[in-house]
Amino acid sequence: MKMVMTGNYASAYGAKVCRAEVISAYPITPQTSVVEKIASLVSSGEMKAQFVNVESEHSAMAALISASMTGARTYTATSSHGLLLMHELLIWAAGARTPIVMSNICRANGPPWSVWADHHDAMAQRDTGWMQVFCEGNQEVLDSIIMSYKLAERPDIRLPSMINEDAFILSHTVEPVDVPDMELVDEFLPSYNPRFKLDVDEPYGFGSLVMPDMYMEFRYKINEAMEAARQGWRDVEKDFEKTFGRNHGGLVEFYNCEDADAVLLIMGSVASTAKDVVDKLCSEGKKVGMARLRVYRPFPVEEIRKLAGMTNIIGICDHSYTFGHWGPMAQEVRGALYGIADQPVMKNYIIGLGGKDMTPEILEKIFLKTLALKDGADQEIEWIGVKGLGGW
Amino acid sequence: MPKKTIPEEEYMNTGHVGCLGCGACHAMRYTLKALGPKTIVSIPACCWAVMPGPFPAKCLEVPLINTAFEVTGASISGIKAALDAKGITDVTVVGFAGDGGTADIGIQALSGMVERGTDVIYIMYDNEAYMNTGIQRSSSTPVGAWTTTTPVGTTKDWKKQPKKNMMDIMVAHKIPYAATCSIGFPEDLIKKLRKAKEIRGPKFIQIYAPCPTGWRMQPDKTIEVCRLAIATGAVPLYEVENGVYNISRKPAELKPVKDYLKIQGRFRHLPEEELESIQKNVTREWKILLKKEEFTKGLVDL
Chain G
1 MKMVMTGNYA SAYGAKVCRA EVISAYPITP QTSVVEKIAS LVSSGEMKAQ FVNVESEHSA
61 MAALISASMT GARTYTATSS HGLLLMHELL IWAAGARTPI VMSNICRANG PPWSVWADHH
121 DAMAQRDTGW MQVFCEGNQE VLDSIIMSYK LAERPDIRLP SMINEDAFIL SHTVEPVDVP
181 DMELVDEFLP SYNPRFKLDV DEPYGFGSLV MPDMYMEFRY KINEAMEAAR QGWRDVEKDF
241 EKTFGRNHGG LVEFYNCEDA DAVLLIMGSV ASTAKDVVDK LCSEGKKVGM ARLRVYRPFP
301 VEEIRKLAGM TNIIGICDHS YTFGHWGPMA QEVRGALYGI ADQPVMKNYI IGLGGKDMTP
361 EILEKIFLKT LALKDGADQE IEWIGVKGLG GW
Chain Y
393 MPKKTIPEEE YMNTGHVGCL GCGACHAMRY TLKALGPKTI VSIPACCWAV MPGPFPAKCL
453 EVPLINTAFE VTGASISGIK AALDAKGITD VTVVGFAGDG GTADIGIQAL SGMVERGTDV
513 IYIMYDNEAY MNTGIQRSSS TPVGAWTTTT PVGTTKDWKK QPKKNMMDIM VAHKIPYAAT
573 CSIGFPEDLI KKLRKAKEIR GPKFIQIYAP CPTGWRMQPD KTIEVCRLAI ATGAVPLYEV
633 ENGVYNISRK PAELKPVKDY LKIQGRFRHL PEEELESIQK NVTREWKILL KKEEFTKGLV
693 DL
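Note that the protein sequences, when read in sequence, are chains G and Y.
Its first residue numbered 1, the first sequence is counted upward by one per residue in this note's numbering.
Its first residue numbered 393, the second sequence is counted upward by one per residue in this note's numbering.
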């Protein structure tokens, strides 16, 4: 059914249509309307789930790990400091191989306090063993939850999945969203029934101490699952399209990239604005394109190499940063393209931290800067829009 | 034939890797005897995270999940929620945490769990310090004790603060049932756990579980020290049901607390005036407990 809703309501309906059985969450701006909506869906009887009102995000994730180990499909949502507080348990969730699905409303970290969008919270969780999806729009927010459960619960994957939506730009902005019929979702996503769980009839133990002769083997298997998830995302999106008649571009969405002189690589909702700017510049005869990195973990190495074959210049727009060495996406892209023939010119832009507005005008400037890049002629990194820097 | 008061069934097998004379070992064994096989146990970082044996060994006959140090209350909330979602009603969910994991790092998750009225049993096995990491003081370490982080030395830096009273904290949550037990009194322990199993809502059980390694005493003194703890009033056994106190054992006359302290090396540095001060406090706390019992018994019909 088509409805008009925010990204946060799309998240709540995503959990509903997937029949999440245990939800455990703690409020944080701008995630609150996700859990408020779920609480109201549960209390009205529209959604049959146990809703645990925990006293912190740390406990929210801990409760879900144990609930998932007991065989329940689980969901939570958080943001920024809530996600950071969960960090220990995010690693635990992946180590315990629990297919938890979580929405993270991407918000800047303090101090100074900010409630607005950037990706630093999510990027700080890169190495936890979670799959990470970054959404452009609200339909994708909902659909990615369905796809996540489908992939995360696969017996050879069993890894948690984090759906990232930008604070306010998606979380509090309404768009038309098709909420699929639950019967159709049931066809696509059968109920969760893990072979091993906490069960008094089959009393296994989970997570016990291992000696050094076995620990690395457990870690290897997590990585093996994450590597398999790369093809898994491609497959699950194809299956999704067969059932629901739409897709969101795979691991990397290419927009006008073929034979482009320059391409901006972007994650999240800024991609929407960038598409408009690409259309404008193309109508003026400039050959530019935009690539949207949708799945960050597992990292889409093949798609990035494919992009390198399409264009001569890539401007890598990080909505985040690592203090001391580029933005995280720039590191990964450069790593993926290391040693290939005809490596494109690459430049890293740090954009939109703490909700700094990314207008079409600013993006157009970045496109023009990027088009003008000559091999090795420019600096490696530029912070866009910082007062007093580079003429901003 | 004398009547058997301890169930014969064993749900803890041989092969645990606890120390000689370990009180926590008895705590788990009696807990499972009391609760039976339809029990799921969640264990955070503590001695019992190691004691079931390294992978793939496991000396317990019940399903067991290891969790992070500070999350026992949240973990058992999640297990219970999942069982509720599946319509499973005949399984007892137990959190089994040490005193540091309960009174220090885990107190937030425990408080949340109790406040939400979660129908589970939370067990704090109390060996009065961080024993798994090597005898560091916790807020449950009693006043006067040596630990590796209250090392006495020339500055007389023993634990200066009184033991945190977790029972009082639980009672302040209006918990339906809270009780102290001791591995030296297994019949009492089993009785209380069986009672807890039948009560709906959150239950808190504090099991006094001596640690010969950390208490600097011989392993064969574990049960003797339990008996002296009760006989001197140092560690009273009681239960609180809906705010009403009931003392499980009332010695006709309390023995001097010195008798309890002197068999533990962790107190051997204490000067006479400190021993007197501890005695004064133990007597006072015992009298307060008697008063609480007397006062709250009058509240039963309120």
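Hints are supplied without guarantee of correctness; some may be wrong.
[As the list claims (entries may be wrong)] Here are the computed distance ranges between Cβ atoms for each label pair: (1) A228/G / K395/Y: 55 to 63 angstroms; (2) T243/G / V636/Y: 55 to 63 angstroms; (3) V636/Y / S43/G: 44 to 52 angstroms.
These are computed hints drawn from the structure, not numbers from a lab.
Beta carbons are placed, not taken as given, at the ideal position from N, Cα and C, and that holds for glycine.
Structure-based check of all given hints:
no. : hint                                : in the structure
1   : A228/G / K395/Y: 55 to 63 angstroms : holds, 59 angstroms
2   : T243/G / V636/Y: 55 to 63 angstroms : holds, 59 angstroms
3   : V636/Y / S43/G: 44 to 52 angstroms  : violated, 34 angstroms
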